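The task is simple: from the sequences and hints, build the whole structure.
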Amino acid sequence: MGTVTHSTTKQCRLIRLVIEESLNQLPFSKCAVTTPTGSVYEGLKYQKGNCGVSIVRSGEAMEQGLRDCCRSIRIGKILVESDADTHEARVVYARFPEGISTRKVLLMYPIMSTGNTVIKAVTVLKEHHVKEENIVLSNIFCTPFAARMITSTFPQVSKGSSINHVKLFYYLF
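For the sequence shown, UniProt numbering puts the final residue at 173, and the numbers step up evenly by one.
In short, the hints are calculated from the structure, not lab data. These numbers come from a predicted model, not from an experiment. Ideal Cβ placement from N, Cα and C applies to all residues, glycine included. Incorrect hints may have been included.
Computed Cβ-Cβ distance ranges for the label pairs, DEER-style [as the list claims (entries may be wrong)]:
1) Leu-14 / Arg-71: 16 to 22 angstroms
2) Tyr-46 / Thr-9: 25 to 31 angstroms
3) Arg-67 / Gln-25: 40 to 46 angstroms
4) Asp-83 / Arg-148: 37 to 43 angstroms
5) Arg-71 / Pro-27: 17 to 23 angstroms
6) Glu-127 / Thr-34: 16 to 22 angstroms
7) Arg-57 / Cys-31: 34 to 40 angstroms
8) Thr-102 / Arg-67: 19 to 25 angstroms
9) Lys-45 / Gly-99: 16 to 22 angstroms
This is the structure:
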């Protein structure tokens, strides 16, 4: 077993906060719950038909935060790769929950610099008949450029990001 460090706890907490805020954009209804003491508590429950899709590999880091909030939620995966020469995004792998076209989709991708990967992922979701307004993008770090790209390309996609002013860096190897 690995050791849980203070920074690991902070990372998990940040991911969970972003996921919780993104979940607030999904549909819910009021419900009454009877507690073990017999008291009735008025609460909220998510409507059926929600799912998550993580953009592999970094999006998988957000899956546990989603599972912590919604134990039985179905999660799909999509792997988008960028061409080294053209920087064009292409889908290598996609597997989605059954009936994704009728679901609200929480798309998880923690770090966006250009937005190309997310644009490709949303395009693939739309090809699977997911309505743009049924997609909620859950993101932690985002450049203003990526935010503008996604907003201009898919204006009806809801977005949840914790930091939207990260500078864009390119590293040469």
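Looking back at the hints listed earlier, which ones does the structure fail to meet? Per hint list: 3, 4, 6 violated.
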